[in-house]
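Peer 1: Residue numbers (the working numbering), protein chains in the order written: chain A, 1 to 498; chain B, 1 to 312; chain C, 1 to 312; chain D, 1 to 302.
It should be emphasised that the hints constitute simulated quantities derived from the structure, not laboratory data.
For glycine and all other residues, C-beta sits at the position ideal for the given N, C-alpha and C.
Just to be clear, a hint being listed does not mean it is correct.
What the hints assert, rightly or not - Cβ pair distances, simulated, as ranges:
no., chain 1, residue 1, chain 2, residue 2, range
1, B, Thr145, D, Glu216, 49 to 59 Å
2, A, Arg372, C, Leu172, 16 to 26 Å
3, B, Trp164, D, Lys26, 41 to 51 Å
4, C, Leu172, A, Glu479, 52 to 62 Å
5, C, Ser87, D, Glu216, 17 to 27 Å
6, C, Lys114, A, Ser30, 50 to 60 Å
7, B, Thr145, C, Asp285, 27 to 37 Å
As the list claims (entries may be wrong) - Listed next, the stretches of chain B that the computed footprint assigns to chain D, with coverage defined by at least 3 CB atoms under 8 Å from CB atoms of chain D:
no., stretch
8, 127 to 140
9, 227 to 236
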Amino acid sequence: MTTRVDTLLTLSGVGKTFGGTVALEGIDLSIETGKVHAFVGENGAGKSTLGKLIVGVHAPSAGRIALDGAEVHFASPAQALDHGLVGISQELSLMPQRTVLDNIALGREVMRGPFVDARATRAAVQAVMDRYDMQVDLDARVGDIPVVEQQKVEILRALSRDARLIVFDEPTARLPSDQVAPLLALVRQLAGAGKAVIYVSHFLEEILEATDTVTILRNGRHIRTGPTASETHETLVEGVTGSVLGEQYPEITAPDAAQAPVLSVRGLSRPGVFENVSFDIRPGEIVGLAGLVGSGRSEIARAILGADPATGEIRFNGGDTGRSIAARLAAGMAMIPENRREQGLMIDRPIVENVTLSHLRRFSGALGLDRRRERAEVTQQCTATGLKYNSLDDPAAALSGGNQQKILFARAALGDPALLIADEPTRGVDVGAKRSIYDLIAGLAARGKAILLISSELEEILGLSHRVIVVSRGRVAGELEGADLTESALMTAAFSGT
Amino acid sequence: MQRTILFAKTYGILVVTVLLFVVLALTTEGFFTDRNMRNILDQQSGVLIAACFMTMAIIAGNFDISVGAVYVATPLVALLVENATGSIALGILAGLGAGAVMGAINGIAVTRLKVNSFIATLATSFVFFGTGYLVSDRSIMRPETDGWRDLARTRIFELTSATWIAIAVVILASVLLTRTRFGRNVYATGANREAARLAGVATDRVQMITFVLLAGAAALAGILGSSRAISAQPSDDFSFIFAVLTAVIVGGTSIAGGAGAIWRTVTAVFFLAFLSNGFNLHQIDPIWQRLIEGFVILIAVSIDAWSQRRSG
Amino acid sequence: MQRTILFAKTYGILVVTVLLFVVLALTTEGFFTDRNMRNILDQQSGVLIAACFMTMAIIAGNFDISVGAVYVATPLVALLVENATGSIALGILAGLGAGAVMGAINGIAVTRLKVNSFIATLATSFVFFGTGYLVSDRSIMRPETDGWRDLARTRIFELTSATWIAIAVVILASVLLTRTRFGRNVYATGANREAARLAGVATDRVQMITFVLLAGAAALAGILGSSRAISAQPSDDFSFIFAVLTAVIVGGTSIAGGAGAIWRTVTAVFFLAFLSNGFNLHQIDPIWQRLIEGFVILIAVSIDAWSQRRSG
Amino acid sequence: QDYEVAYLSASSANTWLSRSLEEMEKVAAANGVAITEFDGQFDAAAQTAQLQDVIASGRYDGLIIAALNGPGAVPDIEMAIEEGIEVVVLNQVLGSDLTTSAPQVDGVAASVMVAPYHSGTRLGGITVSACEGIDPCEVVYLYGIKGTPLDTAIRNGFDEATADSPNITVVAEGEGKYLGPDGGIAATQDILQVNASFDVVVGPDQAIQGTEIVLEDEGMLGDVKLIGFGGSAPAFEGIRSGAWYGTVMGAPADEGRLAMEAMVDALKTGNDQGGIDPLAAMPDDGKVTADNVDQFSAQWDG
Ligand SMILES: Nc1ncnc2c1ncn2[C@@H]1O[C@H](COP(=O)(O)OP(=O)(O)OP(=O)(O)O)[C@@H](O)[C@H]1O
Ligand SMILES: Nc1ncnc2c1ncn2[C@@H]1O[C@H](COP(=O)(O)OP(=O)(O)OP(=O)(O)O)[C@@H](O)[C@H]1O
Ligand SMILES: [Mg+2]
Ligand SMILES: [Mg+2]
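Kindly produce the complete structure, drawing on both the sequences and the hints.
Peer 2: What follows is the structure in structure tokens.
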């Protein structure tokens, strides 16, 4: 089977610097139509930046980009769009106040004379949804729908523009395991239809399964490009991290079954969201909270932290918890929220302030904040977490997505909590860093801390948890442990309520 | 019942305004009369014209303080040309043109110099107010032609021409905002500028146009004002922009941009007009009036804020 | 060289202000004299006191328009009590207390009723202005005691007590904002309220406190103003809040919240003061003054905006 | 009550106008007139609306207006007169000629005010006498807000009255604003930086109060002659103590009384009294100095 290969895009000697930061340097690359081309690399390797150069979000600081053999300079994404180059960005770029329809149709409304033809626009969007079999409620406000649906809106927006090239920047970071396969099928379908696809992901299995070509980036430099068929999981890990990594998951020590639970939840309910949830976590135990998207896992976690009102009993360290979030944090809870941009970070504030936000009391004295000690402890914590930064005074926004996630981990770890609630803690984190976060979780557990782990990655739940509580439609549908803890048992329980 | 509640939630400010209207109509002699209603429409015409386009500029993510100065300065330019040429049309053209230029200056300051719109238009306010003093040579200006007073005061089917112009502008602005691609782009620019840019919207141009339209509308309002008063004079008066901003914000258009509607602003203009008309008809003591007005506005916006909240 | 550029970028507004200072000192007779510098400090003391805490409220994500009304109404309350009791201390206490209560009302409207701070404080402005009329019975109030005039006017090491109080307040506010847990929480609340709340910050309380501190500072400024003028009178005057907001925003504190600094505001207060002092010393015609002032402010904030951009 | 009269105030907050209102109320009470006050809040558009509301309500027999936009209010006043409402103009010119107290709209029953231009000529008159024997006589002129037609008219009157005194030169100008002494304080401080000495400062009473405060601080009180216009209580105190040279009398109480008397007259007899300058009948044309201060008394607090 030999198909003629068309080169769509050629990059020669492309580089990009932000102020003093060199994001990319000397990249030579060609992108072909009808192929899925993967970019892999550590957090901050320059994958997103490379994608953004291609779709005109940034202009390259050096080098040339040629489309169909002719050099192009894009002054804005609008110009790249005109050439059929479309991107789906890593951080959702939607208008939360507007409807799904408005978000998808933006810039592609069907016109009748000077006016937008609302009915025809709707029909056009509906046609795209039907063609790719991806349905979203068109009249919902984007801010009101779950992240998964928002991700679909982003993808539909790209699909609705007759693109020649689509950049998918970590599309599955926000998707649960069961939604990945359809997306990969979609990606293949697009390539089959003659489009060029660039696919960025930290999930190496996806890369191996669905892509034709792999480009490995490290520290802004091009390491190698080759056919996916000649790569294996091990070669990719080696290429990405520059070293050989052992097992993906660390050794998990068994907790002391005799100890009294750190956290006891009894009959926790929040009408319409979850009902009658009861479970315990003992010191040193990692308990997974599994379920389908929208099953209420995050809501249960928020209620435990005190962020949402709920009825029922929560006992912590054998005593009552305070009502406020501050009281519960002070008592030794910590949480990594699921949406780092909206619920976790102050994106324009310095890294140091982001890390210590929950712990200022401990740096406060009669003379105010002890900023020297604060910096020392943050530096130490960042090292322990493997966070890569230039200066602690840089805003969180200057970090790559994965490193932003590590800020939240550093914040939680700084408090030395008795209970860590980690909601999707490795979202968008590279393979090497993932392992270091797993190590941190395992290390905390080994030191007798209790962990409540929420993840939409089944493997992660299976690889780390001692015990898994499965929620389905807001109710506990099962508790799995030891030999019973298998992927199929988990999925059966998760679907039981539907 | 379910539907009634949903309606009340979406249209909080409208419900409050209708309520106020009904209460006044039932309790206040002279309120619900032809003439009083016509007067209110005529009185609010200038604010309505500017407030519609202020709504648009705020939805696009920008403030414009200079509207007060444009309102004061442009009719002076218009009268200068009218006095010199004796032509009403040229006078109007000059006034509107001056408004458009002022709007373009604001737009350049915000999109090119990347200055925050609040402070940029505050600075240009000084410039425009100063222009008004220069143009008028510090004195009251009066039209040469008799026709100038007819611009705002001609009666057509019982309503003044100013009222009709305001109605036309409200409809035009609403159509522009809700039915055209430009309107979509206005919302997109204010909701998430970066996202809009990624989707191919020329966000700078969108903002520029909203500034020019707004200043043009303020110039129109100013010219109509000079027709009602058969004169214009320079001042540093911020009361016009104050009335315009109050209406837009009481209406519930978000100052964060990306959300809001012209019907909201129009409703709020009438809410505030009914309130002070009611005070006048009821002969409320001016001192207590301030206190009551403050509390009533606070209650109205609380209800609207509550109704706009998702999980109220 | 590299370092100089970096410095200029971080401290854009400061560099511009120093430049203006040097130009004025070299070209303007009477500018760089002991007495003129002392006068400027004294003249700006009220604005400085309120602007520091306005900066804090804006960093926490809120506007406060009612500061103008608090500035007008609280000295009337203070003088009412002073006249009744003959006690300066009780008068001051009453004025500051009234300020704190007004701030608390703003705080409740914003955190409990969830009304946008802009419109909430606009509504309370009416209420507070009205209170001023009620308290004073619409007439000018004068202190009974001779000591009242010494509050602001006592000279200590050549500077007036108002100047010293302003210096103390600036230092206090800066320390509070940059060196304490409360200050960090203020930034966090403005930068991302939901994230701050999940991180255990009592965001409602933080906002409440910033409102109370700001209104208290405005009351202090108002009381000092009544001491300088040896009188106080009710009005609907928004010029104080106007001066305060202009300073904060020219300084470059973001109205989106979460970013800004008191040194920026203080610098901007002096930038604007030097500018108008320079005009006065040069006897520039007020008409041209408006035009020039507008342009100079626009240039200054453009330079600052350019310098604050990350990848300039 | 026999008559209903609407009083359209420029601002209920204004200390001058509230003094006028007190006197109006006394006359009204004695003549069976009920007054309703409308607060213009210094917002011309708000006053226009009030004017239309007053006419539309059909309830009022008369209206007294302190106009915020003199020329702008003319059409609505014409309409009021057409509707048979008696109109008395108070304190502020209704029309565009700032040099006369005479009514500028046909059918206005009375116009009680000092024309801005004549405030200026009186101010100039006191200045001429203050400058007698001083050559050159250096004058600092404080505007309220420079550039407004009102301030321009006052200044024109001042220039007219001082035109024949070559010894008088205006060496510096400033803006005092009209609200309290603060503006006067800053303006005087700044002017002192450039002009170490001058002979006379003229301006609105409120600004001159600020000047007095600064001069006292600088130990210059007595070296400079202070001349205000307004006739406020602090101005009288100043003249009596010697700190001030003079002030142009201000008579809010007389204005209020005369306006309501003219209104009652118009309502009961249909008489029109035309323009009334409340200072015209006063000693020395209302120019108050130490020589005649005992023949006056202050009518408002300032
Ligand atoms: N707007 C920006 N300003 C400054 N630095 C930036 C900006 N965008 C990216 N960088 C820097 O450029 C480098 C590459 O970032 P990029 O986002 O391309 O990484 P990435 O490979 O996509 O990482 P991740 O897997 O975490 O998404 C990083 O060092 C990042 O800090
Ligand atoms: N902002 C919201 N307003 C109303 N209901 C919501 C909101 N957010 C979530 N829900 C509802 O709460 C339930 C759980 O939501 P959510 O999707 O967060 O669950 P989850 O198990 O945490 O899933 P995931 O972690 O994958 O997002 C769903 O029924 C959802 O519809
Ligand atoms: Mg990335
Ligand atoms: Mg979740």
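Peer 1: Now look at each hint and say whether the structure bears it out.
Peer 2: Against the structure, the hints:
Checking the proposed 49 to 59 Å range against B/Thr145 and D/Glu216 shows it holds: the Cβ atoms sit about 55 Å from each other. For A/Arg372 and C/Leu172, the Cβ-Cβ distance of about 22 Å falls inside the hinted range of 16 to 26 Å, so the restraint holds. Between B/Trp164 and D/Lys26 the Cβ separation comes to about 47 Å, which falls inside the hinted range of 41 to 51 Å. Between C/Leu172 and A/Glu479 the Cβ separation comes to about 56 Å, which falls inside the hinted range of 52 to 62 Å.
One distance hint, 17 to 27 Å for the beta-carbon pair C/Ser87 and D/Glu216, holds here, with the actual separation near 25 Å. For C/Lys114 and A/Ser30, the Cβ-Cβ distance of about 54 Å falls inside the hinted range of 50 to 60 Å, so the restraint holds. Distance hint for B/Thr145 and C/Asp285: a CB-CB separation of about 32 Å, consistent with the stated range 27 to 37 Å. Beta-carbon proximity to chain D at under 8 Å applies to 4 residues in the stretch 127 to 140 of chain B; the threshold of 3 is reached and the given coverage holds.
Interface restraint, the stretch 227 to 236 of chain B with chain D: holds (8 residues with C-beta to C-beta distance below 8 Å; minimum three).
Checked against the numbered hints given earlier, this structure breaks none of them.
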